[in-house]
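**Student:** These protein sequence lines are chains A and B, in that order. Numbering-wise (the working numbering), the first sequence opens with residue 195 and increments by one. Numbering-wise (the working numbering), the second sequence opens with residue 711 and increments by one.
Straight-line C-alpha distance at most 20 Å; calculated EDC-like pairs for lysine to aspartate or glutamate:
no.	chain 1	residue 1	chain 2	residue 2
1	B	Lys759	A	Asp195
2	B	Lys811	A	Glu269
3	B	Lys811	A	Glu247
4	A	Lys203	A	Glu269
5	B	Lys768	A	Asp294
6	B	Lys811	A	Glu248
7	B	Lys759	B	Glu798
8	B	Lys811	A	Glu256
9	B	Lys759	A	Asp223
10	B	Lys768	B	Asp795
11	B	Lys811	A	Asp294
12	B	Lys759	A	Asp294
13	B	Lys811	A	Asp223
14	B	Lys823	B	Glu725
15	B	Lys823	B	Glu798
16	A	Lys251	A	Asp294
17	B	Lys759	B	Glu781
Derived from the structure by calculation, the hints contain no laboratory data.
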Amino acid sequence: DSGVTQTPKHLITATGQRVTLRCSPRSGDLSVYWYQQSLDQGLQFLIQYYNGEERAKGNILERFSAQQFPDLHSELNLSSLELGDSALYFCASSPLVAGDTQYFGPGTRLTVL
Amino acid sequence: AQSVTQLGSHVSVSEGALVLLRCNYSSSVPPYLFWYVQYPNQGLQLLLKYTSAATLVKGINGFEAEFKKSETSFHLTKPSAHMSDAAEYFCAVRFSGNTGKLIFGQGTTLQVKP
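One chain only, chain A, in its complex shape (with noise of 0.2 Å):
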């Protein structure tokens, strides 16, 4: 167990819909990062947030967006659903903005019909 936690674990949604993951980090880590994991992509990041503001992006999509809370949880938050974002979206946490180890979460599994 590597102390970040997501939900849902699995997603089932059509295609235009919008849908939300969660992400809560390891106590007193402030940075967050969702990366994104298919079959023809591979993992690839997306976004990063350190304590409540956007540090790096990625190969995020603009349909596709993120934000970190006070409480540093995050959310990230995909709209108009395509059958290509059918995908593993993972969180990892980190003390510092950069530099050290990222951990993981299980995993929220996306299916989009």
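Take the given structure of chain A and dock chain B to it, following the hints.
**Tutor:** For chain B alone, coordinates are given in the frame of chain A:
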């Protein structure tokens, strides 16, 4: 462009045999390097990391990796494979910069045969 490449999407070894999973990165500046393991239906677990200290890094479960700057490599090894080592292994790189962004290789699935 900065990238990381894992050679071999599938590696099969016999139980008790040497495990060698290959990882190469492209960067003019040595990055931070990590190996993660993913068991079926689970998240990623850190095996070991290189952060510019010793070039030979020991991790959990008997794994180790050696950073070779001249070869831009960070290959993962284990002297004797166990059935429980069957999983997917990812090499990841954090290049210089004030973010924690990790770039992952495509992953290598390790099969261990009895």
